[in-house]
Amino acid sequence: MTLPVFLILLSQLVYLLPLRDRRSRRLGFPWMTLSLVVINILIHILVLIVGSGSDEETWVLLYPYMEVPRLILDGEGLGALSILTSGFLHGGWWHLAGNMFILWFFGRKVEDATGSLRFALLYTFCLYTSALLSVISRGAFTSTAEGMIPGLGASGAIFGIMAAYLFLYSDQRILTLILPIPWPFWIPAWIYIVRELLLNALVGQLIQEGSLVVRVNVFAHLGGAAGGLLFIYFFLHPDVFAQRR
Amino acid sequence: MTDAASQELLKKGIAAAKAARQKPASPEQIEQRRRQARSLLARVLKLDKNNIQAWLWLSTVVDTPREQVACFKNVLALDPTNKHARAGLARQAQVDAPALSPKITHLQNRPTAPAPGRISAKKARPDGPGCPFCKQAISSIDTSCPHCGLRLVMTCPACGQAVEVEHTRCDNCGQTMGRYQTPETYFAGLGQSYLKKGRSQEAVTAWQMVEKLNPDFPRLYLHLGQAHLGQERPDRAMASLQRALAQNPDDPEIHFTLAEMMRRRAEREKAFDYYETVLRLDPKHGPAWLRVAGIYEQVGAKKEALKAYRQAVKLLPSDSEESIQARAKLEQVEPTLPEAMASGWPELIRQVTGPILICLMAVLFDSGLRPWWIQLTGWLALGLALFGAFLFVSGSSLPRNPVMRLVVGKQGLPAGEQKSIVAAVGLIFWLIALGLILWPINQSYPDIPDLP
Chain X
6 MTLPVFLILL SQLVYLLPLR DRRSRRLGFP WMTLSLVVIN ILIHILVLIV GSGSDEETWV
66 LLYPYMEVPR LILDGEGLGA LSILTSGFLH GGWWHLAGNM FILWFFGRKV EDATGSLRFA
126 LLYTFCLYTS ALLSVISRGA FTSTAEGMIP GLGASGAIFG IMAAYLFLYS DQRILTLILP
186 IPWPFWIPAW IYIVRELLLN ALVGQLIQEG SLVVRVNVFA HLGGAAGGLL FIYFFLHPDV
246 FAQRR
Chain G
966 MTDAASQELL KKGIAAAKAA RQKPASPEQI EQRRRQARSL LARVLKLDKN NIQAWLWLST
1026 VVDTPREQVA CFKNVLALDP TNKHARAGLA RQAQVDAPAL SPKITHLQNR PTAPAPGRIS
1086 AKKARPDGPG CPFCKQAISS IDTSCPHCGL RLVMTCPACG QAVEVEHTRC DNCGQTMGRY
1146 QTPETYFAGL GQSYLKKGRS QEAVTAWQMV EKLNPDFPRL YLHLGQAHLG QERPDRAMAS
1206 LQRALAQNPD DPEIHFTLAE MMRRRAEREK AFDYYETVLR LDPKHGPAWL RVAGIYEQVG
1266 AKKEALKAYR QAVKLLPSDS EESIQARAKL EQVEPTLPEA MASGWPELIR QVTGPILICL
1326 MAVLFDSGLR PWWIQLTGWL ALGLALFGAF LFVSGSSLPR NPVMRLVVGK QGLPAGEQKS
1386 IVAAVGLIFW LIALGLILWP INQSYPDIPD LP
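Keeping their order, the protein sequence lines are chains X and G.
In this text, residue positions in the first sequence follow this note's numbering: the first is 6, and each later residue adds one.
In this text, residue positions in the second sequence follow this note's numbering: the first is 966, and each later residue adds one.
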């Protein structure tokens, strides 16, 4: 067993569930974060209704709206639009719940620093940066058949939001439930986020080496995180930017 | 106009004429009430020139003896036996002789004739069985019951109109005057109304009446303390508030009033402690947040001041004066962009870059990640997105950016609605540009593979 695989297995023994941080709000209610959560949930319900619960029907229905690297690179299908639409689709209730919980937790705080409209722009931008790495890694460097496997989910953008949080509030502590330990601990925010990023990076490395096959699109996560971390500067609210200078 | 309306006017006119005789009152107040009475009675007479009562009461508020005589003569023309008019004319005849002397001509400007009621001072009020509360006989010119002390005519605390006590609401403005049947409630209502209008002396008198009638009246000493405070009598206010606090130590209003007192005395720390107690007892006390914010601002705790002002704005009724004050303060305290940032290129470029990056990514994906595939429409859409982003940034956060200053002048975009319109137009342009990029015009519908 290689060291990366060992580290990944070790990290899977615990699950970090963020509960709250100590940061108070600067602006009002985070309407944009809430709206994104609600839109994601409504779209998922709509898909369940229209797809009538049949996997086959849902697949046919959703395929054009999912992010298919090969189609994007060949200029077929919905192209750039499919990246936006795939960001609002989820593979099941657990996928949706996990993403929305993290979006709600970190999104509120990031929205507080960007303002609602800029937060929506940042979220969209992170969807694109996540797709960039995902399409390049899966479309350009893999076989055509693998390039036709679609991707979906908001996790790329959510990783971007998490990375933006890390950039903005690196000194924060997050009350985290480290399952299976039944009581929470205050841990530095960077530990939580860097752990997630490292884990994705390790899994990505193993996928590239061909020693691991997973259904999680870690390249999308890393792309989203890179977008959030490197470009949050352009989406900050002017007041916050002035204060941080 | 109906008879009922005419009667109503007469009632108001009489009440105003009586109020003009009420003491204590400043000469300005008396003159104002006299003017009001004259106007009301004149309106009655315009409707019914044979109204004897109106002529008699008008004689008590006219400016000159000549006018007074005219009033009495009009009464006698309608009722030659009217003893009030006769007595008035007789008295006027006595005054007229020395009136020729220049020494006393200035007295002619004073009302000399007594009110008709004074002639029969012992007679009960014609329009009621006596005092509306204790039912004892009272004179028609009494302004308060000599037996129970109930005020019979009072000035509406809201609009200044003289109102008979039987009217529990002011006829003019609808202000609730209280209920004379339950005297402590009646006086408490009066006290609160006076306090609201800043008439502290009258408020103290009203609340003292409540104390006399029912010393256990809820929040009596709080209101009395507030009224004393309005009179700038901190010693009395403190005594009342201490009694109030002994009765109800958890009433946030008492702590708030104490805090206000300390603030007026410039005892900032004590005031702050009291405000903190108020907020502990009632975290939604908007005025307390506003005061706390002010103290934070004074001591230079800008961050805390901001937070407290935001709370105040959130909790105070939006149309209240305090809310307006809190909003103005919030604008003052809230960090504004430094001049170099607000009017410089770097900040403009930074803010415009975010929205442009999104469109650029979309164009790039639309061309299959090959920039050389980008079509003319893509570049045009990018140009439109840039223009839209610029307008949005100019209208929302950088109205004095260098480009805008070049286009509209040194001051940049003026404040007001124009800014919002520019921002909205910019946002629409940007959305249209993104829509143009994302719309899959030349792209084919993909072949859907089998479910893996």
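Bear in mind the hints are in silico, worked out from the structure with no lab data behind them.
Note that beta-carbon positions come from the ideal geometry of N, C-alpha and C, so glycine has one too.
There may be inaccurate statements among the hints.
Among the chain X residues that face chain G by a calculated CB cut under 7 Å, a handful are [what the hints assert, rightly or not]:
id: 1; residue: Tyr68
id: 2; residue: Leu78
id: 3; residue: Leu86
id: 4; residue: Ala125
id: 5; residue: Leu126
id: 6; residue: Phe130
id: 7; residue: Met153
id: 8; residue: Leu180
id: 9; residue: Pro243
Problem - Enumerated hints in conflict with the structure, sorted upward - result: 4, 8
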